[in-house]
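Visitor: Spelled out, the chains give:
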Amino acid sequence: MTPAEVEDRIRALIEPFNKKGVSIEDATTFAGDLEFDSLTVMDFVAEIEDEFDVIISMNQQAEIENWGQLVAAVHKLQDS
Amino acid sequence: MATAMTETLSAAEPVDLLSKFDPIIHTRETLLAAGVEDPFNLVMEEVLSPTRAICNGRDTILLGTYNYMGMTFDPDVIAAGKQAMEDFGAGTTGSRVLNGTFRDHRDVEAALREFYDMDNAMVFSTGYQANLGIISTLAGKGDYIILDIDSHASIWDGCAMGNAEVVPFKHNDVEALEKRLKRIPEGAGKLVVLEGVYSMMGDVAPLKEMVRVCKENGAMVLVDEAHSMGFIGEHGRGVAEEQGVLDDVDFIIGTFSKSVGTVGGFCVSNHPKFEVLRLVCRPYVFTAALPPSVMASSATSIRKLMHGGNKRAHLWENSRTLHGGLKALGFKLGTETPQSAIIAVIMPDLEKGAMMWEALLKEGLYVNLARPPATPAGMTLLRCSLCAEHTADQVQTILGMFERAGKAIGII
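As given, the protein sequences belong to chains A and B, one line each in that order. In this text, residue positions in the first sequence follow UniProt numbering: the first is 1, and each later residue adds one. In this text, residue positions in the second sequence follow UniProt numbering: the first is 1, and each later residue adds one.
If you're looking for bench data, these hints aren't it; they were derived computationally from the structure. For every residue, glycine included, the Cβ atom is placed at its ideal position computed from N, Cα and C. It is possible that some hints are incorrect.
Just some of the chain A residues that point at chain B, by a computed CB distance under 10 Å [said to hold, decoys possible]:
{"id": "1", "residue": "S23"}
{"id": "2", "residue": "D33"}
{"id": "3", "residue": "L34"}
{"id": "4", "residue": "E35"}
{"id": "5", "residue": "L39"}
{"id": "6", "residue": "D43"}
{"id": "7", "residue": "I48"}
{"id": "8", "residue": "D53"}
{"id": "9", "residue": "I56"}
{"id": "10", "residue": "S57"}
Computed beta-carbon distance windows for the label pairs [claimed, not checked]:
{"id": "11", "chain 1": "B", "residue 1": "F21", "chain 2": "A", "residue 2": "E47", "range": "30 to 36 Å"}
{"id": "12", "chain 1": "B", "residue 1": "D16", "chain 2": "A", "residue 2": "R9", "range": "18 to 24 Å"}
{"id": "13", "chain 1": "A", "residue 1": "G32", "chain 2": "B", "residue 2": "G57", "range": "44 to 50 Å"}
{"id": "14", "chain 1": "A", "residue 1": "R9", "chain 2": "B", "residue 2": "T397", "range": "26 to 32 Å"}
{"id": "15", "chain 1": "B", "residue 1": "E175", "chain 2": "A", "residue 2": "T40", "range": "17 to 23 Å"}
{"id": "16", "chain 1": "B", "residue 1": "K141", "chain 2": "A", "residue 2": "D8", "range": "42 to 48 Å"}
{"id": "17", "chain 1": "A", "residue 1": "E47", "chain 2": "B", "residue 2": "A90", "range": "54 to 60 Å"}
{"id": "18", "chain 1": "A", "residue 1": "K20", "chain 2": "B", "residue 2": "V97", "range": "21 to 27 Å"}
{"id": "19", "chain 1": "A", "residue 1": "G32", "chain 2": "B", "residue 2": "A160", "range": "19 to 25 Å"}
{"id": "20", "chain 1": "B", "residue 1": "A90", "chain 2": "A", "residue 2": "K20", "range": "41 to 47 Å"}
{"id": "21", "chain 1": "B", "residue 1": "A34", "chain 2": "A", "residue 2": "K19", "range": "27 to 33 Å"}
{"id": "22", "chain 1": "A", "residue 1": "D26", "chain 2": "B", "residue 2": "P376", "range": "29 to 35 Å"}
{"id": "23", "chain 1": "B", "residue 1": "R103", "chain 2": "A", "residue 2": "E47", "range": "51 to 57 Å"}
In silico BS3-like cross-links for lysine-lysine, where the CA-CA straight-line distance does not exceed 27 Å [claimed, not checked]:
{"id": "24", "chain 1": "A", "residue 1": "K76", "chain 2": "B", "residue 2": "K208"}
{"id": "25", "chain 1": "B", "residue 1": "K170", "chain 2": "A", "residue 2": "K20"}
{"id": "26", "chain 1": "B", "residue 1": "K182", "chain 2": "A", "residue 2": "K19"}
{"id": "27", "chain 1": "B", "residue 1": "K179", "chain 2": "A", "residue 2": "K76"}
{"id": "28", "chain 1": "B", "residue 1": "K352", "chain 2": "A", "residue 2": "K76"}
{"id": "29", "chain 1": "A", "residue 1": "K76", "chain 2": "B", "residue 2": "K141"}
Whenever a hint applies, use it, and build me the whole structure from the sequences.
Guide: Below is the structure:
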């Protein structure tokens with residue numbers, strides 16, 4: 001899967017969580033711009049994990065602050 | 001030179017490291033400014049029994065102390081503690097692995113082996129340290145910890161202290177657990193951490209299915225039975241016993257500060273290499289051992305709990321009566337049915353919760369006010385924990401207090 005394909009699929013997943021319809025770019029942050037709390041993060045991460053059949057541990061999540069980092073991390077995970 | 005240094009020092013603007021807590025200070029001040037008694041600053045001036053105390057000057061029924069089996073005033077438990085203090089002194093002044101293991105530390109570990117019918121037992125200074133120590137020591141770099149998202153702070157802190165990969169799953173969701181177990185790389189060590197009773201809502205875990213899934217996927221299982229020991233299961237060994245999976249659980253964590261009625265934490269296990277943990281578990285090694293009086297009281301209490309069948313039956317009656325009564329009054333509860341000795345009453349928000357808490361206190365009833373981040377989904381809860389020493393009359397009195405306070409505050 002190409003990074004663009006990964007991004008498209010995550011974009012579909014994030015829609016129900018993006019309640020304020022924030023426009024999402026690489027630099028968009030989850031805690032700041034999207035105002036995700038810890039429960040939202042868990043539910044969103046679980047959706048991604050199920051979609052790509054991967055595990056994103058909390059240790060890995062701690063390194064992911066924005067959209068671009070998430071797409072890159074998931075692309076790498078589903079590739080390995 | 002000296003002058004230059006002074007200039008440098010005075011030029012630097014000091015950063016107040018406490019200013020990050022300003023939002024919490026603000027929330028608290030707003031709450032207290034509304035005239036509410038401080039829910040987190042209660043003083044028990046006198047303790048009259050496991051179920052009654054003088055709190056902030058009032059005679060109060062205790063319904064939030066986790067003193068499930070009412071052992072705090074048991075005459076045998078008190079006598080054993082007094083004798084040990086006379087014979088061995090007030091404290092140990094030492095680590096368990098150096099000079100801090102006395103006769104009664106060994107004896108309380110023997111009592112735990114008898115209670116659980118297991119091969120090994122290790123006593124820590126608190127339940128918090130037992131989770132902190134065992135979890136951080138078992139799961140190291142490259143290993144995986146899979147845990148319920150609603151786990152207690154001591155479990156999360158144990159994860160944070162180690163170097164394992166931490167993977168949470170949705171509360172009590174067997175399928176979510178199984179999916180994650182199957183995705184973990186082959187050959188990696190896996191520790192699944194569960195609780196028997198989750199203390200915020202008082203709900204029980206589906207351990208039978210969860211433990212089966214763990215074993216099918218080659219994971220070791222740790223179950224924290226802090227809120228079920230002494231009460232749930234035929235011998236009071238907890239939810240794992242009740243659901244028939246105790247033999248498949250690798251490590252049980254528990255505490256003395258609830259049903260046992262003292263203080264301390266423990267881990268019991270049948271693992272043949274268990275004893276090595278005493279040498280490598282830092283929260284066990286680098287802290288002082290509990291006082292001998294606490295150990296003697298605990299050992300006596302644990303052995304009495306082995307024969308606590310009647311008290312367990314009465315505690316179940318209390319739990320059913322209170323749960324049914326509160327539900328009939330129209331309160332929203334954390335569980336549909338009574339599952340443990342904890343009954344969580346869900347409040348509409350923190351403000352109403354604090355008002356209800358205060359109204360109950362003025363009625364002469366103490367419950368726990370629980371709020372985020374300790375609670376799931378940002379809820380405010382009034383948490384009731386019942387005691388086997390609560391009489392049937394007291395439970396009716398408690399229901400009357402809830403009814404009056406609930407109507408006064410406008411919750412029911």
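Visitor: Hint by hint, say whether it matches the structure.
Guide: Right, here's what the structure says about each hint:
1. About 27 Å separates the beta-carbon of S23(A) from the nearest beta-carbon of chain B, more than 10 Å, and the hint is not met.
2. Here the hint on D33(A) is broken, as its CB sits about 20 Å from the closest CB of chain B, past 10 Å.
3. About 17 Å separates the beta-carbon of L34(A) from the nearest beta-carbon of chain B, more than 10 Å, and the hint is not met.
4. At its closest, the beta carbon of E35(A) sits 13 Å from a beta carbon of chain B; the interface hint therefore is violated under the 10 Å criterion.
5. About 6 Å separates the beta-carbon of L39(A) from the nearest beta-carbon of chain B, less than 10 Å, and the hint is met.
6. This hint holds: D43(A) has a C-beta 8 Å from the nearest C-beta of chain B, less than the 10 Å allowed.
7. The closest approach between the C-beta of I48(A) and any C-beta of chain B is roughly 12 Å, which is over the 10 Å cut-off, so the hint fails.
8. Among the interface hints, the one on D53(A) holds; its C-beta lies about 6 Å from the nearest C-beta in chain B, closer than the 10 Å criterion.
9. A distance limit of 10 Å between C-beta atoms decides the matter here; for I56(A) the minimum to chain B is near 8 Å, and the interface restraint holds.
10. Checking S57(A) against chain B: minimum C-beta separation of about 4 Å stays under 10 Å; hint holds.
11. At roughly 33 Å, the beta-carbon separation of F21(B) and E47(A) lies within the given 30 to 36 Å, and the hint holds.
12. In this structure, D16(B) and R9(A) break the distance hint of 18 to 24 Å, their C-beta atoms being roughly 45 Å apart.
13. With their beta carbons about 47 Å apart, G32(A) and G57(B) fall inside the hinted range of 44 to 50 Å.
14. Distance hint for R9(A) and T397(B): a CB-CB separation of about 59 Å, inconsistent with the stated range 26 to 32 Å.
15. The given range of 17 to 23 Å is respected by E175(B) and T40(A), whose C-beta atoms sit roughly 20 Å from each other.
16. For the hinted restraint 42 to 48 Å between K141(B) and D8(A), the CB-CB distance of approximately 35 Å leaves it violated.
17. Between E47(A) and A90(B), the C-beta spacing of about 56 Å keeps the proposed range 54 to 60 Å intact.
18. Take K20(A) and V97(B): their Cβ atoms lie about 55 Å apart, and the range 21 to 27 Å is violated.
19. Distance hint check: the CB atoms of G32(A) and A160(B) are about 23 Å apart, consistent with the given range 19 to 25 Å.
20. Between A90(B) and K20(A) the Cβ separation comes to about 60 Å, which falls outside the hinted range of 41 to 47 Å.
21. The hinted window of 27 to 33 Å between A34(B) and K19(A) holds, with their beta carbons roughly 31 Å apart.
22. The hinted window of 29 to 35 Å between D26(A) and P376(B) holds, with their beta carbons roughly 33 Å apart.
23. The hinted window of 51 to 57 Å between R103(B) and E47(A) holds, with their beta carbons roughly 56 Å apart.
24. A hinted pair counts as satisfied when its Cα atoms are at most 27 Å apart, and K76(A) with K208(B) does not qualify at roughly 36 Å.
25. Restraint check for K170(B) and K20(A): satisfied, since their Cα atoms lie roughly 25 Å apart, inside the 27 Å limit.
26. The hinted pair formed by K182(B) and K19(A) fails the criterion: a straight-line CA distance of about 32 Å is larger than 27 Å.
27. Note on K179(B) and K76(A): the hinted pairing holds, with a Cα-Cα distance of about 20 Å set against a maximum of 27 Å.
28. Restraint check for K352(B) and K76(A): not satisfied, since their Cα atoms lie roughly 48 Å apart, outside the 27 Å limit.
29. Pair hint K76(A) plus K141(B) holds up; C-alpha atoms about 21 Å apart against a cutoff of 27 Å.
In summary, the numbered hints that this structure violates are 1, 2, 3, 4, 7, 12, 14, 16, 18, 20, 24, 26, 28.
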